[in-house]
Structure formats: structure tokens, C-alpha cells
Amino acid sequence: MFLDPSQKISVHGMNHAVAELAVREAFAVGHAGSVLQKIIEIPGISEGAVVSTCNRVELITVGVNGNCIPDIELVFSEISKLPVRAFSKTLYHLHGKAAVSHVFRVASGLDSLVVGEPQILGQLKEAYRMAQEGGAAKRLLNRLLPASFHVAKAVRSRTKIGHHAVSVCFAARELAREIFGDLSQATLMVIGAGEVGTLALKHFYSAGVRKIFLLNKTLANAQDLASTCGGVAADLADLPLYLPRADIVLGASALPVGVPPLVSEKDVTVSFRARPGKPQFFIDLGVPRNFSSAIADLSDAFLYNIDDLEAVVQKNLGGRILEVRRAEFIVEEEVDKFMNWLEREPQQRDIRLLVERCEQHREHEVRKTLHRIRQANLSDQQLNVVQAALGDLCGGLLAKTLHQPLSFYKSLGAEDSQAREWFQRCFLDHSSILPDESNDESSSSSSCAVEELMVSGGASKS
Amino acid sequence: MEGLFHIIPILALIGYSCATVDYLRVYGGSHSLRRGRACLWVGLVAQVIFLVLELLGSYRTEPVDFIGVDFVGVDFVSRSRFPISLSLVGIVVVGAFLLFERRFRFSSLGGIIAPIGLFLFVLASFVFHIGREVSQAQDKVSVLSETLLYFHIGGTLLANVCLVLSFAVSVAVILHEVLLKRRQLTFIQRKLPSLFQLERINGYLVNSGFLLMVLGIGVGFLFALVSGMHISLLDARLQWSAATLVVYSLLMFARSRGWRGRRVAWLGVAGFVMLIASSLTVNYWANTFHLY
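Those sequence lines, one after another, are chains A and B.
Positions 12 to 473 (the numbering used here) are the ones given, in order, by the first sequence.
Positions 594 to 885 (the numbering used here) are the ones given, in order, by the second sequence.
With the rest of the complex left out, here is chain A (with noise of 0.2 Å):
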């Protein structure tokens, strides 16, 4: 029977907005191919891709919905060795349009936890070629993931919901462009080699900054992490004699309570007179603090503590979320003509068909004739002459008998389904009216021109 082609491609799967992290940490994939084994041997389902990123752990099928949520909810079962009572009710299952759309806007960052990152398409990317490879990846995805990748890039190009920084290292690293410039010029000092310390230098890293101290109280950690980034690492007790050196100061030592900041106004002041007419720029990620909030009062100094970067962040954010609505408006749209083309796809596709086997019919025909021909021992030329008026004599009488049906059958619209299934019946057998993907796949190519000379008129052969 036919099928509804808008309700062929689901999503299945859990976001950071449904479940925690501590119940989607569960379902981390770590090897995507076995699971896609396991997605396309359910029955109805011919085509799967797996998305598994930090954010979300989704299943992105092809096939007939409804009697599969239970076989998609075992594969879940699978990953996480977990009951599915324990998680069905966290799962969702999106179908047709909102499946699209869904898509669409993850591919766009539009559901990230962070609205607007730029991860989130390379993990897509990175699911499709898994599921290229795993063979899982047919007609309809090959359709749907790069049109979500399309929609990505419009969705950035044509608005500002990439832009800005939204964490505080980003905040940071956009403000220090704001006084510098150019950050390959700038020397960079990070005092603490721990988590927060090498998240920030990988930031300036990323950045640009190549001249960088080390500082920490142990000095074979600041080391290790000088080694990474070709910086200096020296030990804290040093600090005095490197900060006149450094146009960015990034405090980033968890030091006890009750300890005096590690760089006073006085010490800055000191700094100013071997670098005169050089402002310092000081970014303070401790907490307690790493500086003395009276450097903020100095003429060429410039003090941020994380406070002050998380108001940038989020005075960013809220910049963002007005992008949000001009980007939902452009995946809109975008879901609509997909959603457009996937309605006249089956239509497509039986015309397609069609007409190729009116071609295979065309060439066996002249093939027969010209054989009985060839017994009247006429010259290669005048073979040549015959053949080609042959094909065109059988090209032009298809073109000619089916040019009305087709035209008509087009005209119906994709949602006349008893068209469509007259349409099968009159010309194409019944047991091919589902042809096999890879057949479909193969042939489009070359049908694409056949169509073109079918329907636009093999009259113009005549």
C-alpha cells in the first residue's frame, strides 16, 4: 500500500532539556556502527543515524513509525544496559515534520544548551559519515543531514546568533581584543596551572598568544602545561619579576580564605614604571580573588573578575536570544520546502520509474528491429541512419502517449493518494512499486536526463 512519505523520517532520543546528565551519561554511544547494525535490522526501518554528543543521545530513522518505538526503545535498552521502564518515559519520539524540523534546528544550535554553538554541526557531520559508512545513510538522509547543514550555514551567515561570547574564557579572550587588537603581539601571564587556568590558556592559545608565563606554586605542573603551549613556566614566588612583562594577567590560583590577593595596586604601580604608556589587562577567575580590587582604580589597568565577565556573558546571551527568533523563522521556512519536496518525492519517483522503463522498452525495441534490418545488408552508414531514426520514431511516440498522462498525474498533487496508486497499477508493475533504495540510488542519476527528455517533450524529437 502506499505510504505517507511525511511520516517516514523520525527522531528518537533524549536532550539536556528532558534528562540530566547524570541519566544521559548512561546512553553516551561510544562505538555508532554496532548501533546503527541495530537500528536498520529493525523491521520498517531502512535507513539510521546516531547523534551522541554531550547534549543528546538521538536515533534518526527512516522507515515505518509507530510499530517500531518499541524496538528503538530496546536499542536504547542496549546502550545503557538499563531497564526501559527506566527511561521511556524521557524519550521522545518525534515523526514527519517535527522530526524535520527538529533536525534543522540542532543542526542550527537552536537546541543547544548554549544557544548558537558551533559544535553541535560538527558532531552531525561526524554522525552522517558514520552512518554513510555503516551504509545506513539512503536516499532520505542523504537528503535530510546535508539540508540540515545548508540550514546551519544560513542560519549563521544571515544572523548574529554565533556571535559573541558566551563563557567566560570567551568574554575574556573578546575584551582583550578589545584593548590589543591583534593577540600574537600580546604576552599572556596565567597564574595557576589547574583546570581553570588550562581552560583559559587554550582560549588565548586559540586566540593567537604565543608569548606566555606560567606561573604556579608547584613548578612542575606550570611545566607540564608550558610544554603544551610553548610558554615560560616559572614558579609563583617569581611573579614580581614577570608581570611588568605581561600585557594580560589571568589569575586563575585557587588560593585558601583569608589570603592577602597574590597582585596588590602597589605592585601593579611598580609594574607601570618598567612599562611605561603599556596598559595591563587583569582577568581575575579566582575564587577568593587573585587580585586587589583597587587595581581597577589605576589609569592604564584593566580589571575583570569572573563576576564581571558572567555580566558580559550575559548580556550576550540576551543578544542572542533575539537572533534566536530571526533563526527559527529561516528553519522555518527551510522545513517547509523540504517538506515540500519530500511530499512530491514518491510522485518523482514513480515518473522516474516510469520512465525508465518506457528507455529499457525503447532500446530493447530498436535492438529487435534493427536486428531483422541488418538481414536487408545495408552499409554501416545507412545502419547508423536507421538506428537513430528508430530511436527517435520510439522516443517521440512514448513522449507523445505519455506527455498527457504525466502531465495530468503531476497535476493531481502528491496528496492524491488513490492518483498515485492508479498511477502504479496502469504503469508500473505492482511488485516494483517499492523498488529497492540502492536501485533507486543508482539509476537517479541517469533517469534525471531521461525524465527531462520524457516530460519536457521527447516531441521535440519528433
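Simulated from the structure, these hints should not be mistaken for lab results.
Incorrect hints may have been included.
Lysine to any residue pairs mimicking SDA-like chemistry, simulated, CA-CA at most 20 Å apart [stated by the list, open to error]: (1) A:Lys171 <-> A:Glu344; (2) B:Lys774 <-> A:Arg300; (3) A:Lys326 <-> B:Met845.
Given chain A, work out where chain B should sit, using these hints.
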């Protein structure tokens, strides 16, 4: 011809006004500078045409006596050329910005340059041209070092252009730094070049402007010496120029001592105020042997 004298300045006014609004809107988050740039070009071209028409309108074929020398051509003598001087400064300031904004990526400074262009144009166009009598009778001189005079005028004009641009950059520095000190990161700052780049540009402008000013004034003294003019140190123009030079000398000294950022920028603003104040005072309230 008379109609052109009305239409063209109005066109220039509209161009500069629209450019000012568009460039300022960029600070509010608007993306495109194309319209603003186009409007600024319209204002600039209209102002240039207007200036040319003015000069042609005052062209004389009969010689005009100036310090015993017969001048033919553009009449710089019987009418104050302060408005022309202002126009020229405005034209060069706006023209330099339009030529270099893309090269040096400081399009966002248009929000400061466009209002300055508008201000200078309005000042030049709508202030009355007042006649000026030469305040001192001069003896005839046999040799006039015209070249020295032109270098004096050209040098001081270019100096004014550099210092006006420096004022614009100083305003940007002050704005940028004040907002950073307040721990804010706004649209305005995102559109402006970095603080480091602004200070570098300001340094070039101040150094060039100061040098040209010193040279221009020096050449002026040389011209007076060669032409045998009697210079009174009580002359208003000399006094105000000296005061302006003092302010900019302070600025140069401060920079050499490592001052930067807002402190130096405020000195730049003070210097610009002195420039405007000296021009207005000299041309409308004081006596001077200078034409403007």
C-alpha cells in the same frame, strides 16, 4: 549660477546630516555602512563644488593691493577667508577618512568624523563673511616670498586637519576606555578599532599635526621676516597660536613621559577646543594682521 549657490550647500548639508545619522546608527547595532558612506561622499563632493564656486565667484582680474604687492586671481584680501579655511579643513578631514577607512579598517570612526565634517561645514557656510581691513599699514616690499606664504598657509592647514582627526580619535579613545573601565562591552566598542590601534593612530596624527604646526608657524615668521613685516607680539593670532602650541606641546611631552589613554586623549580634546576658539576669536572679536 545663483541657484547653484543655494542648492549645492543644501545638498552638502543633507549628505553630511544623513551620514552622521547612519554612522551613529552603527553604534546602535545597525550593520551596513554603505548608505552612510555614500551620503558622506555626496556631502564631500557638494562641499568641494561649493568651495570651487565660491572661489570662482571671488576671482578678480584687476590687481588687488596687499602689503604693497599686486595680487590677481582669487581675492584673499578684501574678504575674510576664514570660512574657506574651515571648508578646506573639513574637506580634507572627511576626504582623508573616506580614502583610508577601508584600508585601515576604522569605518566605525565615521560616527565621530561625520559630525565633525557637518560641524565644520555648517560653521563655514552659515557664518557671515565679514570684511576685514588690514590692521597695519605696510611698507611696499620689493620681493615677496610667495612660496613661503603658501607653505605657511598649507602647513597650518594640514596641521589643522591632522589635529582635527586626532580629536576624533581621542573621542573614540575616551569612549572606549570609559566603557571598558565600567566593565561594559557594548556595540560601540565592538565597532571601534581596539584601544591599542586607536592610540597608535592618534600618535601618528598628533606627531604629524604638531610637526606641521611648528613648521607652518616657523615658515610664517620667516615670511614676515623676508617681506619686512612688523610683527607685534600682541597680535591676537600670534597669541592664540602660541597658546594652542603650548597645549599641544604639553600633549607631546605627556606622551614622551609614557602617558596614554584617556589622559592624553583629553589633552587632544583640549587642543581641538583651542583650535576652534582661536579661529573664532581671531576672526570675529580680535584684531590681527592675519587675514584669518
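| query | Looking back at the numbered hints, which does the structure fail to meet, lowest number first? | reply | 3
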